[in-house]
Structure formats: structure tokens, C-alpha cells
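With the hints as a guide, bring both chains together as one complex.
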Amino acid sequence: MTRLVLDGYDPQGFYCEMLRSPAATGLRERLSRVPVAEFQRRALAAEQALYDYGITFTVYSETSAIDRILPFDPIPRLISAKNWRRIEAGVVQRVTALNLLLDDLYHAQKIVKDGILPADLVVGNANYRPSMRGVAVAHKAYVNICGTDIVRGADGEFRVLEDNARTPSGVSYVIENRHLMLRAFPDLVDGIPLRPIDDYGWRLVAAMREIAPAGCEDPQIVLLSPGIYNSAYFEHVFLAREMGVPLVEGRDLVVDNDRVYLRTIGGLHRVDVIYRRINDDFLDPKAFRPDSALGVPGLMRAYLAGNVALANAVGTGVADDKAVYAYMPKIIRYFLGEDPLLPNVETHICREREALAYTLDHLAELVVKPVGEAGGYGITIGPRASRAELEACREQLITDPANYISQPCIDLSVAPTLVDGEVGPRHVDFRPFAITGAKTWVLPGGLTRVALRQGSLVVNSSQGGGSKDTWVLEHDPSG
Amino acid sequence: MERAENLARIIEVNETSARDRTGNQNWLSIVQLNGDEARFFEKHASATVETVIGFYVADAENPTSIVSAVSNARENARTLRPLVSTEMWVQLNVFYNRVKAIGPAELMPGSLARLLAEIKEACQTFTGMTEGTFYRDQAWYFYRIGRYIERADQTTRLLDAKYHLLTRDSDHAAPAVEIGQWHAVLRSASGYHAFRRVHSSDLTPARVASFLLFNPGFPRSVYLCVREVETALSELKSRYRLHGGNDISEALDQLRSILTARSIDEILESGLHEFIDFLQRYLIVITDRLSATFFGYAQAEKGEPPGGVGSPLEPAPEMPS
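Residue numbers (this note's numbering), protein chains in the order written: chain A, 328 to 806; chain B, 47 to 367.
It is worth saying that the hints were derived from the structure and are not from the lab. Even glycine gets a Cβ: it sits at the ideal position worked out from N, Cα and C. No incorrect hints appear here.
Not everything, but these chain A residues come out facing chain B in the computed CB check (under 7 Å): (1) Y380; (2) I555; (3) A567; (4) L574.
Quick list of the computed label-pair ranges, beta carbon to beta carbon: (5) L717(A) / Y181(B): 50 to 60 Å; (6) Q170(B) / R369(A): 24 to 34 Å; (7) E177(B) / A620(A): 32 to 42 Å; (8) A151(B) / R522(A): 48 to 58 Å; (9) A151(B) / R355(A): 41 to 51 Å; (10) T94(B) / G594(A): 52 to 62 Å; (11) E177(B) / P697(A): 52 to 62 Å.
Isolated chain B (complex conformation) (with noise of 0.2 Å):
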């Protein structure tokens, strides 16, 4: 669900403001930010506003569409269905049909934007839903840890989606058609209005990335999810007198102070992709971690029952320099 919103946010994105100076929009960096390039020239000669909207939005054939994305929400949630609440099983039901419902002419501009905010508020009123209604034991701290690596992880890529604009200049107050993009980066994370309380007066796409990944009061922000996965993860263990894990714990606690200790001026030095790439392939080791010591994966093949100590799984990605 996380993803779907996510989805949602990018598309909007580009939707409504993320033109370049010739008035073009740039649907391409969509795709190459989400890694589907391949698939997607197998399948379409060029990407349009069009394809890559019938790409990410409605193509059940498509993985990393939104509607992909709710399906295996509900999938996953039908395998997990005794312990999902009804309330959030009925409105993800309710949820899926009408994505899969969605016909070609909610995809023409002019009515795009509406779907989209629709969309966004679903995942978002599934997300109280839980809060509201999940019974609060393991499943509900593993159910934390995964929004906020998912949503951390989803970040990058709303940031990575307009990096290429900050390769240059980046110091200074950016021409009016820039800051338009960068307003709507900004809302599209539903950071506008937060942003404005700790930047009343200029910005720069300097601060606009620092606040999306470091700001410690942003709910969407890499270092506040990462710090919310970090909490979920410790109580837990403490909670449920978990064994294990404590290689996470510490993977997590590196990753926190990179992001306490780097300065967004540092990071664009030597580039802003790069850093991204990085974070994402950090938290996908955390994952993978995750999955190990807790839901036995790596070990699974060796017959034996999970719970025990952490397998040697890859490292920790190195800080690029």
C-alpha cells in the first residue's frame, strides 16, 4: 500500500508541474527511476504521457504498477487474513476492485489528477485503519518495519525522480520554472507546508533534498523512517524476548549517523544519484536481514526452524566516497 501511494505521488508529480523549460514533460525519468526500462520498451516504441501512464497505473501485466502493487497487498493480506482486521480487509477489498475497475478514460489528463488523489487517500485511510484497528502484537511491529523501509526506500526515488535537475548550481536560489518542480516534489511528499515552517525564506533544491532525507520531524523523510524502523525493531525484541537481529540493529544505527553526519552539501559534492543508490541498497540488506533471522529464508533450504542466529549475509553497502 505504501508503494501504491508512493506510485501515486511520483505520477502526480510529473503530472501536474514537472515540465522543463521547453513546457515537456519528462516521463522517461519515471521509468528509469523505478529500473523498468527493459520491460518497458518490450513493450512500448516510446515513452509518452500515455504509456508511461497505462505503464505505472493500470497494467495488472506490469509489476511495479499500482495496480500490481494493491493486488499483492490484498494477495498478501488474504495468506495473512487472521490477523488483518476486517475493517482493513474490507476497505483493501473494496480498494483493489476499484482499482482494477480503472477504465482509459480515468487516465486522460484532466481527470488523472483525481484518480491519483484517490488512490493516495485509500492507501492512506488503509493506513489509519491499521493504526485504528491491528492488534498490537509481533505482526504489528513487523507490519511498522516494513512501511517505514518501504516509505524511507520510496523517498530516494521521489528525490531521485528530479535529481538530474540538481547536478548544477546547486547553492543558489533556482530559476522560477525550477522551483515550480520543486514545490511539486515537495507536495507530491505532502512536504510543502512542513518545509515552509523550517524554510520560511528561499528555496533551494539544496534544502528541499536535505529535508527529505534528513529532516527529523518529517514523517517521510529517510532518517525519520529509518529511526521509526530502528524503534519497532527494539521493542520487539525487548517485548517478544527475541533472539537475533542484533546485526540489524547495529546496520541500522550505522545507517542513522551517516544520515546524522553528512552534510547535503557533502553529499551533492560528490553526487546526489549516488548517495540514493546507496541508502536503497542499504535498506534492501536490512531487509534481507530481516527476512534471515526472523522468518528463517536464508536457512530454510538447510531444513532448520528459524529464530536462530543471524546467517553471514552480504555487508553493509560501502559509503561511496
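Extracted from the complex, chain A is given alone in its bound form (with noise of 0.2 Å):
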């Protein structure tokens, strides 16, 4: 008998998202009536077109370059229309609040003055750069690109894990993946109401007009990128196209009079808007990381001249902190007046006596986290954890608890995926991606990525994840 994709699928007690959700009856009939042997080549196919179209990151070693591809899953994860008006009034509110705060802490400092944030959390923060003190930020975007981590555990609620306020990536995949999806299962797709996402490169650059310094009438914008070694190079140069704007990398830039300039072979062109996908660290030797040959010298004082505008501000890493993060419910209270639309994920801050208590004695229920890491790298999964990693946690909490928070560990949502030629559940999360200028657009759509290990929790592509094309609807059916 032919087996087909559905066939004996069993969420093993976590939340499905294609088994839950009502708005996915149609797409969960089409699978049923798909064979998973011909679900299975055309996957193949279209996996094999991801080294055809070179999307890979490079794995460079001494001697070797390896290209690697970030894995495919081909049975797509559903957004209702209703859950998706929820997640982007959501992402909306998170991504003010955070513009908010920023523009306060370089400025007024209310929300430590009033108690609300303790002052050496972000003063004292190595990501919270002194020299933005009193300098004026376009409509106050601060984070013009946001990418919002979001998860669903047990209960089906959507909640935030983490924000990314510095230089989010991802979003390439999201549009190559439909791509892919709409080129090798048209079937699968037609009749079916999916929001489009290919407009995203046009809004970034409306949102780079936006920000653009004063009085320039039609600025020139330019993706500066960190260069080929970068693991995200691929994503760079996808957004340069996507933008219609040159990719240049540091030793393009060149800065005269406090004003930005770009190599051409015919001479010098004024740069006005950088979409600089280099960390603040790197991004000017004369003013961060004096060993960065990344970077370009004087930018950080043509920027502070005003004299060209960059995104995402400087000094946002402050802000996506994950000890910040703990008081983002208190944050948007406190700036916005309102409760938050998405919750957090409960989070425990251990530079505080009574958290770090709690932590340590609830250890192996507990995922413990660095606060200053991004990846997936550092963190302690108690449930998952052995006798001597918790042993070894539980002492770097003792000597350094202000650097970790610890959360609950949560039983993520799990949505069909196709491993070897099986179709299984695996844990999946979600990042949306927000652009904000004069105001804030949520891309409908998403990075929706994949532990492919069976069990595994850990969705960062560094460490054997995937992802899945994300489907959100115009409408929900009826009925």
C-alpha cells in the first residue's frame, strides 16, 4: 500500500502546529493525498536546488571551503490569519517599546530614574554605548530591522523568547524558501490564500529613504557586510539585490570631512544610508575594536555629525539583552500604557539573589542561559543536561550569576517534518521580521526553523537545524 504523508504522523503529546490549528484543513488534505516516496524526490529536487542557486554559507577552514546549505523542509508550517493579526500587533507593540527605550536611555534616562530598570543593567552594559548619549536618531528608530524570536509551548499561546535588535539575520530564507516551496509543489500551494512576501527588499529600502539625513533628496544607500568569510555573506548579498543597492564591505568606504564616501573607479561617491550588517564593535577601528579591519575609520564621527545614517542604530544591543529582556512586560507597560500582546517566556534573573536561588535550586527543570550570547551557544538545557554539566553550570552561576537568566524549559510546538524519508514531529520556533522608518511593518511571513534531531530542542542552524516555509493567510477559511 502506498503510504502517504500523513500516515501514522503522531505529534507524541506536544502542540502540532498542523494537527491544532483549524485553518489548516486544507492544506492537511492535500498532504494526506501526497505519497511520501513523491513528496520525498521532489524535496530532493528542491534541495538540490539550493546548491544549484548557491544558497550556502561557507564553512572556510585552512586549507578547504565547504559549502553548506541550510536544510529544507518541504511540508510547510500554517499561520492563521487570526493567530497572525495577534503575533504582528504583537511584534509591533515589542518593537516600539524597544525604540522607546532606547531613545530613553540616550537620552532622559526616565525608566532608571523611576526605578523601573536598575542603572548598572543598562549603564553599566557592555552593549550600551555612552558616546549615542543626546544624539538625535530619524523618527527614533532605533532598531530599524528586528527579528522577534517567538515560540509556542504546551498551551498554544505564542510568547517571545528573545528579541534581536542588532543585526537580526534570516530572512533570506524565508523568501528563498518560498521560492523553492512555489517552484517544486505548486500543487501544494494553489487555491490556498498565502500572503506574499517578496515586497520585503522594497519596504527596507522606503525604510532607508526614511531614516536617510535631512534635506537628502534621493540618498544613496549601501548594505556594508563584514565579506565572503561571514557565514550570513549569502543573506547579504540577497538583500543588496533585493534593495538594488551596491554591497560593499569596509575597505569600499572612506570617510573625508566627516562624510562618507564609496570607491568607484570613478571616483568617490557620497554614501548617505549604510544597512551595515557588522556588529557597533567592528564597525569603525578609531571609535570601537581598534583591531577591526572590518570596519571603516571615522564612520562613528560621520555619524554622529549626522552626516549619514545607519541601520541598525548604534548602541542597540542594550536593548536585546537577555537580562533586558526579563523586564520587557514592564517596559511596555511603562512606555506604551499597555499589556503586553505577547508574554514572555518566564525568566528568572539571577543577578538577583532570589532568582538565583530559585535557579539553583531548580537547576535540572531549568535552561539556563548567558545573557551577552547569541546562536544557541552556552546554553544548559537542565532536563536534557548530564550530572557534570549541571555541576559545571551551577558553578559558573555561583562565580558570575549576573551574566545568566534561567527559564522554564518549554516543550515546544512541533509540526510535521520530513527526516529520511519519515515523516515525524520535530520542535519548530518562529522569527518574524520587522522593518521600521517612519513606522513599523511586519513582513507576514516568517523564519520558521526546524530541530531536526528528533527530541532536540535547539533550532540555531550552527547546530543541526533546519527551516520550513511559513504560511500566512490572507483569510481563514470559513466555517
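Shown next as C-alpha cells:
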């Protein structure tokens, strides 16, 4: 008998994105008619296309360069119109609060004076940039591009796990995954009211124009990349092409008299807006790390003089700190007088005595994360950790409690995923992208990352994660 | 990509018919032609069909191999990805993955010809796609300049590969074995039928050399390539009002007049290899001047922006007497 895609699929008690969504009925019916073997064949073709199109990140060593792909799972993850409205409003609220927070931290610091946020947490934060004090930022939009990591637990509630307010990546995969899907599975998409996502580049350019220095009629925008050795280089290329702007590296730019210029074969060309995919630390060796070869000497002076706009603004790292994250519900209430539309995951800030004590007492049930790391590094997942790992974690917590937070271990929701010819439940998360110029716009879609290893909760691409196309519906099926 | 294509051509000419009168193939000449003796003999004891083909087709550690040329082309395209069309990029990617996967069986006699044909075809596909999809701005002119300089250089190497056969008696019709070899040279340059249109009777070594060097209509002749470089450079300068590069135009003009003034007999008299060596050095000087003038490589150390006047560089080489 021919086995069909959803035959025998069992989410093993986890919240399933596919089975629990009434809006996914149509998709489920279609999948239930497709033989697994046929599905697998087309999935392989789609994966081959990733190599052919060079949608890869390259891992370099001394002697070789290995191309890796972000594995693509062909079973889409669907978000109903109703749920999307909630996510979209929640993300807009969150980004608005982040920008108000940053504006306050670099100006009046009322939130600190009013005792909502501890001073040393922000002003003493390594990612707080004192040089940004009193600097005006267009539209008070510090975080022009934001990636909000959202998870769903056993109750199906969407919760924010993390804000990525520095240089979030992944949006290229959102758009490329859709292209792959439309090429490989046109029959699956046919007749489903999907919200399109291909205007991301246009929206991004529009926002970059909005933040250009005053009096700039037709701003020259560039995308600043660390170069081909960066693992996100594919995305930098992708975005530069989607935006229709030059992709540059630090050495292509030069600052003269506090103005930024692009070196071209015809001479120097003025630059007004830089979408930079380089962290603050490396932006300008004169202002930050002197050993940075990626940056542009003098860029910070030009920026502070208001002669060039940077996206994101300098100094946003203080807002996406994992310890500051814990205060986000309070921050939202403080600035907006509203309850958060998307709740946080319950978070214990180990710099606080009680939270540390609780964390140490419940280590085996909690997830412990260092506050300054990204990419899933340095995390201890209590229920999965060995005795030795737990002890190591305990020692680190006692030595440097301020560097850690802890959270309950969330049973991430699952989605049916094709692995080695079998369809099984795998844990997923979700990262929508918001663009902010004069206003905030959220791409109706996002990156669904999936932990391909059975039972694994780590979805990061550096640790065996893949991705899915995410379908946001224009309207939900009636009835 | 031009380099990969031409390497395939050179190996093909040796593979298919470059046997000497004792029936042996001279594989060492390919190593000599690329100036790779030192690196080659570090890895291999002798230049046999297996070692030379392995070294030049599939050895990723050899920077002058086909797989290295394609890797470099792909790496460069990655750096310039925003300027390269998606069709070009995809074709290059697929080709890159193809050459990386070349297995030993494909290098065996009987399969090699098919592999080389495939490589040539992929390179020509790339050229065609570039023609059909590449946005016409400054980058396009630089692409053309680079392609034709490389092609001119490779034609000289192809000819050099067989120069030793020309050291004697070049005025007269060659013996049958040698004729076969000259056919092979022409075919590997895709010039056999074009040559026949020009010379329907005698095939002499001198005529072949003259055709590959001077013919104004053959797309791989050194003369035509130099003329294409000149055209692209002057269009680039006028269209984009670029300053500088006048010394390059002069050097090209001079090179072209050398190519029209000298007869093949004079050149053979004083030594074809010496003349080819001169052409190759001349092309290197032109390339260096282009880099310095438009990309500021020579000035980069002083931290000055490019686009200025040409800096003092090595003068163009003197013609051998």
C-alpha cells in the first residue's frame, strides 16, 4: 500500500502546528493525498536547487571551503489570519517599546530614574554606547530591522523568547524558501490564500530612505557586509540585490571631513544611508575595537555629525540583552501603558538574589542562558543535561550570576517534518521580521526554524537546525 | 572560465592527436607550457598521461588546474554576486559542483574526451549567458577586457605548446604526422574550419601560427583579442568619462601595430617562442596597469583613492630582435 505524507503521523503529545490549527484543514487534506515517496523525490530536487542556486553558507578552514545549506523542510508551517493579527500587533508593540526604551536610555533615562530598570543593567552594560548619549536618531527608530523569536509551548500560547535588535539574520531564507516551495510544490500552494512576502526589499529601501539625513533628496544607500567569509554573506548578497543597492565592505568606504564616500572607478561617491551587517564593535576602528579590519575609520564621527544614517542605530545591543528582556513586560507597560500582547517566557534574572537561589534549586528543570551570547551557544538545558554538565553550570552561576538568566524548559510546539523519508514531529520556533522607518511594518511570514534531530529543542542553524516555509493566510476558511 | 576552457583545449590537443613520430605523447610539454615544472615534480616523479591529466584537471591543490580555475571563478563571482545575473551564478554553481565531483574513471582514456568536451561546453555556455544576461555598465566592459586578455594569453600558450615542432623547415608542407598535429591545434582552438576558409590548400605550420596570431576575423587570434580589449577600454573611458588609462591605450595601440607589422617569417626567423614570451609579458604589463589605474592596487598602500593618474609602472617589454 502506498504510504501518504500524514499516514501514522503522531505528534507524541506536543502541541502540533499542523493538527491543532483549524485553518490548516485544506493543507492537511492535500498532504494526506500525496505519497511520501513522491514528496521525498520533490524535496530532494528542492534541496538540490539550494546547491545550484548557491543558497549556501561557506565554512572555511585553512585548506578548504565547504558549502553548507540550511536544510529545507518541504512541509510548510501555517499561521492562520487570526493568529497572525495577534503576532503582528504584538511585534509592532514590542518594537515600538524597544525604540522608546533606547531613546530614553540615550537621553533622559527616565525609566532608570523611576526605578523600573536597574541603572547598572543598562548603563553598565557592555552593549550600552555612551557616545550615543544625546544623539538624535531619525523618527527615534533605533531598531530599523528587528527579528523577534517566538515560541509556542504546550498551551499553544505564542510567547516571545528573544528580541534580536542588532543585526538579525534569516530573512533571505524566508523568501528563498517560498521560491523553492512554489517551484517544487505548486499544486500544494494552489488555491490557498497565501500572503505574499516578496516586497521585503522594497519595504526595506523605503525605510532606509525615511531615515536618511535631512535634506537628502535621493539618498545613496549601501549594504555594508563583513565580506565573503561571513556565514551570512549569502544573505547580504540577497538583500543588496533585493534592495538594488551596492554591497560594500569596509575598505570600499572612506570618510573624509566627516562624510562617507564609496570608492568607485569613477572616483568617490557620497553615501547617505548604510544598512550595516557588522556589529557595533567592528564598525569603526577609531571609535571601537582598534583591531577591526572590517570597519571604516572615522565612520562614527560622520554618524554622530548626522552626515550618514546607520541601520540599525549604534547601541541597540543594550535592548536585546537577555537580562533586559526579562523586564520587557514592565518596559511595555511603562512606555505604552498597555499590557504586552505577546507575553514573555517566564525569566529568572540570576543577578537578583532570589532568582539565583530559585535557579540553583531547580537547575535540573530550567534552561540556563548566558545573557550576552547568540546562536544557541553556552545554553544548559536542565532536563537534558548530564550530572557533570549541571555541576559545571552551577559553578558558573555562583561565580558570575549576573551573566545568566534561567527560564522554564518549554515543550516547543512541533510540526510534521520529513527526515530521511519519514514524517515525524520536530520542534519549531518562529522569527518574524519587522522593518521600522517612520512606521513599523511586519513581513507577513517569517523564519520557521526546525530542530531536525528527533527530540532536540535547539533550532539554531549552527547546531543542526533546518527551516520551513511559513504560510500566513490572507483570510481563514469560513465555518 | 576562459582559463578552464583553454586548459581543456590544451589537454584535448595533446590527448587526441599530439603524438610524435614514435607514437608517444609528450605530456611534459603541458607542464613546461604552464611553467609548473617545480610544483609538478614535487608531487610526481614523471610526466605521464595519468599524472599530467590528474594534475591539470582534478587536482584542487594545483592552482593551475581546471578545478582550481572554476573554483576561483566561482569565488570571484560570489564576491561580485550582486553584479552577476542569477542565470550566470546558477550555471557557475552547477558547473563548480560538477568539476568538484570529477572522479578518476572520467580521467581515463576513452572518457576524458567526453569530460573535456563537457567542460568546454559549460564554459561556452557561461560566456553565452553572460552575453545574454549581464547588465551593461562598467562591469561589463571590464569583464570583456579581462576575457579577451585571458583569451589572447591562452592562444599564445596553445601555440607555444607546439612551438618545438616549428623549429625547423617551417616553409614547407609538413609530413603527414605533423599535419595531424596542426589539425589538432586548430581544432582545439575551434579554428579548423575558419582556417580552411582562409587557406583552402596548403596547411603549413607557419600559416597556422600566423592564423592564430594575426588573423583579424578569428575570435581567438591574439590580434582580434587585442583589438577587442582596445574597443572595450575606449568605450569604457568615453561612456563613463573615466580619466586615466591613456598609457594603457597607447600600449595596446603599440601592441596591435607590432602584430600587424611583423611577418610570420620574420618571427619564425628570430624564434616563435621568444615572440610568444614577449606577447605574454606585454599582456601582463597591460593587466597590471589596468589594476593600478582603475582599482588602485598600486596606490592602495599609500591610502589614496583610486581613479587618479597612472603610476609609474614597469615599462612595456622590448621586442626581441
